[in-house]
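Trainee: Protein sequences, first through last, are from chains A and B. Be aware that the first sequence starts at 7, since it is given in the numbering used here, and climbs by one per residue. Be aware that the second sequence starts at 7, since it is given in the numbering used here, and climbs by one per residue.
Hints listed in this document are in silico derivations from the structure and should not be mistaken for laboratory results. Do not take every clue at face value.
Remember, identical chains collapse to one label, so a pair may be satisfied in a single copy or spanning two.
[Unchecked claim] DMTMM-like mimics (lysine to aspartate or glutamate), calculated; alpha carbons at most 25 Å apart, straight line:
no.	residue 1	residue 2
1	K171	E136
2	K178	D20
3	K16	E49
4	K178	E140
5	K64	D76
6	K64	D190
7	K64	D158
8	K64	E209
9	K171	E56
10	K171	E209
2 protein chains.
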Amino acid sequence: MGFMTDFPSKVLQDAVEAIGSLPGVSSRTALRHALHLLRQPAENIHHFAESIDALADKVQYCSECNMISDGPRCGICDDKSRDHSIICVVESVRDVMSIEATGQYHGVYHVLGGIISPMDGIGPADIAVEPLVERLSRAEGPVEVILALSGDVEGETTAFYIYRKIAGLASKVSTPARGLGFGDDLEYADSLTLGRSIANRQEFRPE
Amino acid sequence: MGFMTDFPSKVLQDAVEAIGSLPGVSSRTALRHALHLLRQPAENIHHFAESIDALADKVQYCSECNMISDGPRCGICDDKSRDHSIICVVESVRDVMSIEATGQYHGVYHVLGGIISPMDGIGPADIAVEPLVERLSRAEGPVEVILALSGDVEGETTAFYIYRKIAGLASKVSTPARGLGFGDDLEYADSLTLGRSIANRQEFRPE
């Protein structure tokens, strides 16, 4: 990193270090970004900084589902046309956005804000499981819970932990189907997915 | 970009749009960066925003060479141990940092802040040529000017324009050597570089 040792300006160096703290951004790229910003009119730079500041000051979390929101409740929980008897439990805000983008799901969500990972020192108390338990306890009718967590050890550990916590509170607990992707070539599927998709084969129903 | 159409929060959307305005940052990457920031403590987010704001408020430009600086004169122009009789003319702050990182140059610089590019509407008046002319006019002894600009049409146009402007003011005008990179394989050199490096061959002097 000899390239970065001598900064002509502490101000530039601070900006490069801040931008370089973003995941996957090298110091070299951070410098390019900082110099790009430096060439913009001051008002653009201020607008950039303000929109970052707002992430700390203005974002709220939905009191119902823990999704980020501009108010005390999110637009999904406030939407009466959605099915509030199905709660899809996900790790992050991003997962909600991905599922929403499919246009295939019309229930509501519960954002854990993390996943149980003893390696990273994240235990059950660090993610929003208790609020889910309370939410289910308050529910007036039967509620299905979809555990839409990642397929790795952490995801499975978290799913199992939640499953035990909500047993008796949820009328049904499900998990998204796993198998070959639609349109996938067998040839390119990983062998775990291929093996399980054969074992969990479904009845063929031509339309 | 169906993925990005429904933001759960205007605040998040603004941050993603700001970050996505950086060169080469896709909306998807910008979202990842914004969500990463969102997970940081508020003080870290504020520090990030402040360091960007400082680019607009605190950066100064050296009155001598136009390099960015934290004061009215940069550290290089203020350094009496450097050779002030050689001025290396470059397009940008980044070029200065690259040359400084080589540790091979001990003269001073002149940062044009752009390059003549009629296609982009950038003419001679938009870059710092006049300040260079004034600087040379003020010089007390002979000054060598190194035109270290890019090898493309814009760089050559700019070099030629400056050359005519400073003729008679500079004691010598030079340009960095071009040829095969040190350690380059002939096989992988582009043919323009290879051809010119043969035409401009230098005497072989084994040590």
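Trainee: Hints first: check each against the structure and report whether it holds.
Mentor: Status of the hints after comparison with the structure:
Taking the shortest alpha-carbon separations for K171 and E136, only the intra-copy value of 9 Å comes in at or below 25 Å, while the best inter-copy value is 74 Å. Taking the shortest Cα distances, K178 and D20 never come within 25 Å of each other, neither inside one copy (52 Å) nor across copies (38 Å). Taking the closest pair of Cα atoms, K16 and E49 come within 25 Å of each other both inside a single copy (21 Å) and across two copies (20 Å). Taking identical chains as interchangeable, the C-alpha atoms of K178 and E140 lie at most 25 Å apart only when both belong to the same chain, with a minimum of 17 Å there against 80 Å between chains.
Taking the closest pair of Cα atoms, K64 and D76 come within 25 Å of each other only inside a single copy of the chain (7 Å); across copies the shortest separation is 32 Å, beyond that limit. For the homomeric pair K64 and D190, neither the shortest alpha-carbon distance inside one copy (42 Å) nor that between copies (54 Å) is at most 25 Å. In this assembly of identical chains, the alpha carbons of K64 and D158 never lie at most 25 Å apart, being 33 Å within a copy and 47 Å across copies at closest. In this assembly of identical chains, the alpha carbons of K64 and E209 never lie at most 25 Å apart, being 50 Å within a copy and 67 Å across copies at closest.
Taking the shortest Cα distances, K171 and E56 never come within 25 Å of each other, neither inside one copy (41 Å) nor across copies (43 Å). Taking CA atoms no more than 25 Å apart as the test, K171 paired with E209 passes in neither setting, with 33 Å inside one copy and 81 Å between copies.
Comparing the model with each earlier hint shows violations of hints 2, 6, 7, 8, 9, 10; every other hint is respected.
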